[in-house]
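**Q** Order-wise, the sequence lines are chains A and B. So for the first sequence, my numbering puts the first residue at 3; every next one is plus one. So for the second sequence, my numbering puts the first residue at 522; every next one is plus one.
In short, the hints are calculated from the structure, not lab data. The reader is advised that the hints may include incorrect statements.
Stated by the list, open to error - Covered by chain A, per the in silico footprint, the following chain B stretches (three or more residues, Cβ under 8 angstroms):
1. 551-560
2. 567-576
3. 653-659
What the hints assert, rightly or not - In silico negatives: residues of chain A with every beta carbon more than 10 angstroms from chain B:
4. LEU14
5. ARG96
6. GLY158
Note that the Cβ used here is the ideal one computed from N, Cα and C, for glycine as well.
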Amino acid sequence: MSRWRHNWVMPLSVLAALLLGLLPLPDLLTPFRPYWLALVVAYWVIEKPDSAGLGFAFLCGLLADLAIGGVLGEQALRLTVMAFILDRFRARLRFFPLSQQALAIGVLLLNDRIVSAAIHLALGEPQLPASFWWAPILGALLWAPLYLLFDAIRLGRRAR
Amino acid sequence: MPSYAGPAPVRPADVAGTLRLLAYLALGVALIVLDHRGGWLQQIRGKAEMLTEPLRWVAGLPGRIGNSVHDDAATRSRLADDNRVLRNALLISGARLARLQAAANENARLRGMLGAVERGELDVQLAPILNIDLDPTRQRLVLGAGSGTGVRMGQVVIDAGGVLGQIIDVKPATSTVLLLTDPDHALPAAVARNGVRLVVYGRGGRLELANIPLSSDVKVGDSVVTSGLGGRFPAGFPIGTIAALRPDDSRAFLLGDLRPAAQLDRGREVLLLRLNATTSRPAAAAPPATAPAPATAGESR
Chain A
3 MSRWRHNWVM
13 PLSVLAALLL
23 GLLPLPDLLT
33 PFRPYWLALV
43 VAYWVIEKPD
53 SAGLGFAFLC
63 GLLADLAIGG
73 VLGEQALRLT
83 VMAFILDRFR
93 ARLRFFPLSQ
103 QALAIGVLLL
113 NDRIVSAAIH
123 LALGEPQLPA
133 SFWWAPILGA
143 LLWAPLYLLF
153 DAIRLGRRAR
Chain B
522 MPSYAGPAPV
532 RPADVAGTLR
542 LLAYLALGVA
552 LIVLDHRGGW
562 LQQIRGKAEM
572 LTEPLRWVAG
582 LPGRIGNSVH
592 DDAATRSRLA
602 DDNRVLRNAL
612 LISGARLARL
622 QAAANENARL
632 RGMLGAVERG
642 ELDVQLAPIL
652 NIDLDPTRQR
662 LVLGAGSGTG
672 VRMGQVVIDA
682 GGVLGQIIDV
692 KPATSTVLLL
702 TDPDHALPAA
712 VARNGVRLVV
722 YGRGGRLELA
732 NIPLSSDVKV
742 GDSVVTSGLG
752 GRFPAGFPIG
762 TIAALRPDDS
772 RAFLLGDLRP
782 AAQLDRGREV
792 LLLRLNATTS
802 RPAAAAPPAT
812 APAPATAGES
822 R
């Protein structure tokens, strides 16, 4: 019963991340929008590797592409790359203190920006303005609260 | 990997993981290329986007609630102010419309004498903007009206200032507008003053006039209107005013920066032109550059 119940947390979190990605922000804040979906996918890849792997990341990315109206497959590619790196270093990442984890996530988000820029360059699409490179820092800062929140939800469910 | 285990052997799980990564990367690249090229994937994409339509609708909810709260919380004095401003605007518009009506009558009479084809009437439909943020590198807008309310592919989107873009995608309850400023967008235009024909390109957030001959009579401050060539956009709708002219890389032509006439950043509502089909192709007319009355600036595809 409890297993069935906390299985709902994953799709719900992905849905929430997609919504947060679409939510209108004032023009001034748009560049700082953290990549919510990447954070959520990162959490699940680290914490539940048997149900969230590359395929999960790819699917989430595809959904995001459809929702946000970018090039189909771009975010799928970006998230797959991120999930792969996370998967490789999961054993180490899990035992990092939260601050170091946040740093690692920040670097991964930066890498994600580079991948995205490379895709845009290859397609001849316009690049994002330079101010968008600040978003990974915000993403890294959000990692710790997000991690604790998800842990609380999952552990709370498990205890039931 | 514990340190006492010696040098790490290649684990089969790693190899499998890498292979899976490669497979997904290949799939992703294939999707990107196919989507970028356009073609059959577009149709599948259109179907798949049905899935995300409710998502977009929900994401637009805070914006709508914000608007209604803003409306509800308006103070009496502000409402009175708004009312006065709108009343004045209506008065001015009414006066202008009356003058235009006379011109329209005269125009119709002259056309009758010339035996020219009657222009198609056109009417408009008001559509709310669904307040959500799409991919910031693309200049798109999602409207909260779709095929359910009669929105069709290719319809021209305008606001009080001028042309905003065109509908490129219609879903049952939402539709997507390609803004003039999108890098994928180009629009046949004419200088209102003398009818010099130009093409307005979207440059991602701004508008540019390309390949203006050095000898042509185009000046900073000229207003640019749609020329009606190509048949998608009716003639005579304001696009913008020329803000700057400079020589391009070849030094044989001029490049112009255009200040858009429409409010391309967020408004609340836009107008969709509904053109009643008759085909005619008069020369680019130049109506007053501020607000063309939809009934008189008519021209069909």
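**Q** What are the numbers of the hints the structure violates, in ascending order?
**A** No hint contradicted; all consistent.
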